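Enquirer: These are the residues of each chain, in order.
2 protein chains.
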Amino acid sequence: MIYVAILGYGVVGSGIWQVLAQNRTYIERKASQPIEVKRVLDTRKFPGNPVEKVLTSDYADILKDKDIQIIAEAIGGLEPAYSYVKQALLANKHVCTSNKELVIKHGAELLALAKERGLNFMFEASVGGGIPIVRPMNLSLTTDEVIGVAGILNGTTNYILTQMSMVNKNFEEALAEAQERGYAEKNPTADVEGYDSCRKLAILLSLAIGRQVNYEAIHTEGITALTQEDFAFATHFGYVIKLMADGRITSMGIEALTVPMLIHSSHPLSMVADVFNGVLVQARMTDSVMFFGRGAGKLPTASAVVSDIVDISKHLDQHIEHIWSTESAMLLPLSSYRRQKMIRVSFNDRERAMSLIQEYMEPASIVEISEYSGQLAWLSQCEPENKTIEKLARLAESKVFIGEPRILRIFEPTKSDE
Amino acid sequence: MIYVAILGYGVVGSGIWQVLAQNRTYIERKASQPIEVKRVLDTRKFPGNPVEKVLTSDYADILKDKDIQIIAEAIGGLEPAYSYVKQALLANKHVCTSNKELVIKHGAELLALAKERGLNFMFEASVGGGIPIVRPMNLSLTTDEVIGVAGILNGTTNYILTQMSMVNKNFEEALAEAQERGYAEKNPTADVEGYDSCRKLAILLSLAIGRQVNYEAIHTEGITALTQEDFAFATHFGYVIKLMADGRITSMGIEALTVPMLIHSSHPLSMVADVFNGVLVQARMTDSVMFFGRGAGKLPTASAVVSDIVDISKHLDQHIEHIWSTESAMLLPLSSYRRQKMIRVSFNDRERAMSLIQEYMEPASIVEISEYSGQLAWLSQCEPENKTIEKLARLAESKVFIGEPRILRIFEPTKSDE
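The listed protein sequences correspond, in order, to chains A and B.
Read in order, the letters of the first sequence are residues 1 to 418 in my numbering.
Read in order, the letters of the second sequence are residues 1 to 418 in my numbering.
Derived by calculation from the structure, the hints in this document are not laboratory data.
All values derive from a computational prediction rather than experimental measurement.
Note that the Cβ used here is the ideal one computed from N, Cα and C, for glycine as well.
Please note: incorrect hints may appear among the correct ones.
What the hints assert, rightly or not - Using 25 Å as the maximum straight-line C-alpha spacing, the simulated SDA-like pairs for lysine to any residue come out as follows:
no., chain 1, residue 1, chain 2, residue 2
1, A, 64, A, 319
2, B, 64, B, 25
3, B, 115, A, 317
4, A, 314, B, 116
5, B, 314, A, 63
6, A, 415, B, 182
7, A, 415, B, 298
8, B, 314, A, 18
9, A, 415, B, 22
10, B, 314, A, 117
11, A, 314, B, 315
12, B, 115, A, 31
13, A, 169, A, 404
14, A, 415, B, 116
15, B, 415, A, 181
16, A, 314, B, 325
17, B, 314, A, 169
18, B, 314, A, 412
19, B, 415, A, 182
20, B, 415, A, 18
21, B, 298, A, 182
22, A, 169, B, 265
23, B, 105, A, 315
24, B, 115, A, 169
25, A, 415, B, 115
26, B, 314, A, 250
27, A, 314, B, 314
28, A, 415, B, 25
Said to hold, decoys possible - With the Cβ distance kept under 10 Å, some of the chain A side facing chain B (calculated, not the full set):
no., residue
29, 14
30, 32
31, 130
32, 131
33, 144
34, 176
35, 179
36, 186
37, 189
38, 266
39, 268
40, 270
Working from the sequences, and respecting the hints, build out all of it.
Expert: What follows is the structure in structure tokens.
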């Protein structure tokens, strides 16, 4: 019998409880022994709920309990989660978590502490919810040279963008619908501003390179400014718009950005709709591998935590190595990233605008859509950011254009010769 | 230092050699020690090739060598691969393999033998080439109740079907092109008749249910009979045609078939093109998870074998459990499988044909395509096979139809309430 404690009986915590109960036979067969929740930490009472009889509001009850070998942290956020996890490891308990803030901020340090003590610190559910991605990255793909990690890592924004693109809603309407369905929180900032995706990208990149990627250094833009015009012109060129987390590991260094991007409708990631997530990993020998699935939600996320619990139950005496040192990895400056872009401008003189764009930007074609007259859009060269900005600055001098140009980058998988 | 032997220096064997050499630093970091090929078994000579100095044609050289802890079997086929792997385990050596014939025929038995001796028998590369699928099935998804395993598991046929559908080639032309590019073998039977996909489906289903699925009991049809008409009518209804391996685990029992199927163009698996593979796993809590990547090819396949070597190098004293007993799993009879179908017929009396189809089959619509006049097609009800066959038999009595009706099943993910 393996005894587990769950910290926090919120969405994920109660999900872990439910998965362990409902899948008891599968889990016992897999772990070769029953897994039982001995304690659940929460300051709230849950009268009438079966969890009631194992509830405690005192963490010391769990730390002192010699029976408990594995702690599943499901409080979320940095504190008290970080202190609790550290104390758990110091009390010789294995830990698993779905907490991406904790993992990206303190993952390397907690892995080192776990290793030092022959324990495990696992976090499959911190990226991609129910999609097995952390374990494949750690076990299957890191024997190869990873050159790209990218994907749609946030279900809330993907739901909103799917609504905007399919049912022609504007951002506010789509957000309201997502909130109504429980896909978006009341305060949706972390999702819609891209912070959540950005942290998950930093975790995947850190695992790929074995060093710490500082998520605060990743250029991040949210989806709040996207308009129906963006979708209309993107569609015209054959693209959909997704909030992409885009990491490349090149011979020059590491690139990372989390921004709304155009992705061609022939690419499988363009099919990742609604609350689904999709991750693309590119490695030199293995080539492209993609993983799709539910990136959030109570049961998929909890299932991933339970897969960690089972994995730990089979490695109680052995640290499962993750190559992820506390050493910082520098990111290349955004100005050097070569991406093609869709650029859209409003003009006051159509003829001059056309000829200036032709002259300075040399696009293959310039597009107008009757519904959005007074605007032109084109696809830029695949060139560094600073080059595009420089060209656009020259264009702006003409006074033919109204307001700022709208720039949306285009996602391309990493080329293996880069 | 971990010493490895490779059995067979063909495509996969030489790939394993290359991956171990080229990714030496990544692998050493991951395995926490260098991994070195001490012996390669092959009866051929490879003059001038660096492998020359470790070549042997005598398997006893490897079995007797106490330094060698891991054997990578890359001979393929049943014999001598099976005898060699068994001897390796009996000589206390861990084994990994990419050999699907071996795995589906003897996997359960070899796993039991490995377990008994505290060794490992691993086979990540036997399904989906470079796609991490066996390990996720074993570590992440089997703590959940798997209700469906399906996918495009053969790159050769997928390349041929992509050519037939995109560039309008017929089967023979597309096969010739695939052979020219090295995607199809001179004798393409195992691929084009679906035998290869069928074995891989049997492996995935066996892993999902923990019992032995007899691949010979799986209803299997190849792609050789597909015509341009099939593609044209499928396109009309919004579908593409793929060779699908389709497994369902229902409360009634297990369904499995490997046949060309229509898959709706809004489903991500429809985007799996060329030599790529795609696998869909459905589990009750985790919901749908999909894995895409290169299902074959020297380096992707070899990378997967090397991921097994590294995994074994970290579990030299511990058997990694796979739940897969030698007990047989019965399949439900094909006649009971409920699938919607596209049915196409030729007629000698259009009016009577239309009215008979309306009366007996009750389709939502009946479609004609001007290029293929004299034919009608419709989508059937979602009903058991025997029901459709019964209705078609009644239709045939009318003598209005010429030849046999063409039936193509439509792929649908398993419904979770089934």
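Enquirer: Now look at each hint and say whether the structure bears it out.
Expert: Hints, verified against the model:
1. A/64 - A/319: Holds, because 22 Å separates the two Cα atoms, which is no more than 25 Å.
2. B/64 - B/25: violated, 29 Å
3. B/115 - A/317: holds, 19 Å
4. A/314 - B/116: holds, 17 Å
5. B/314 - A/63: Distance ~30 Å between residue 314 of chain B and residue 63 of chain A Cα, so the pair is violated.
6. A/415 - B/182: The given pair, whose Cα atoms are some 23 Å apart, holds under the 25 Å limit.
7. A/415 - B/298: Within the cut-off at roughly 19 Å; holds.
8. B/314 - A/18: violated, 32 Å
9. A/415 - B/22: holds, 19 Å
10. B/314 - A/117: Status holds; Cα separation ~17 Å.
11. A/314 - B/315: holds, 11 Å
12. B/115 - A/31: holds, 15 Å
13. A/169 - A/404: holds, 24 Å
14. A/415 - B/116: violated, 46 Å
15. B/415 - A/181: Holds, at about 22 Å.
16. A/314 - B/325: Roughly 19 Å between the alpha carbons, so the hint for residue 314 of chain A and residue 325 of chain B holds.
17. B/314 - A/169: violated, 52 Å
18. B/314 - A/412: Judged against 25 Å, a Cα distance of about 36 Å means the pair is violated.
19. B/415 - A/182: The hint holds at about 23 Å.
20. B/415 - A/18: Holds, at about 21 Å.
21. B/298 - A/182: violated, 46 Å
22. A/169 - B/265: With a Cα-Cα distance of about 24 Å, the restraint between residue 169 of chain A and residue 265 of chain B holds, given a limit of 25 Å.
23. B/105 - A/315: Between residue 105 of chain B and residue 315 of chain A the Cα gap is close to 30 Å, so the pair fails against 25 Å, i.e. violated.
24. B/115 - A/169: Roughly 57 Å between the alpha carbons, so the hint for residue 115 of chain B and residue 169 of chain A is violated.
25. A/415 - B/115: violated, 42 Å
26. B/314 - A/250: Roughly 29 Å between the alpha carbons, so the hint for residue 314 of chain B and residue 250 of chain A is violated.
27. A/314 - B/314: holds, 13 Å
28. A/415 - B/25: holds, 22 Å
29. 14: violated, 13 Å
30. 32: Holds: closest Cβ of chain B sits about 7 Å from residue 32 of chain A, inside 10 Å.
31. 130: holds, 4 Å
32. 131: holds, 6 Å
33. 144: At about 5 Å, which falls below the 10 Å cut-off, the nearest Cβ of chain B leaves the hint on residue 144 of chain A intact, so it holds.
34. 176: violated, 25 Å
35. 179: At about 22 Å, which exceeds the 10 Å cut-off, the nearest Cβ of chain B leaves the hint on residue 179 of chain A violated.
36. 186: violated, 25 Å
37. 189: violated, 27 Å
38. 266: Holds. Min distance 8 Å.
39. 268: Since chain B brings a Cβ to about 4 Å from residue 268 of chain A, closer than 10 Å, the hint holds.
40. 270: holds, 8 Å
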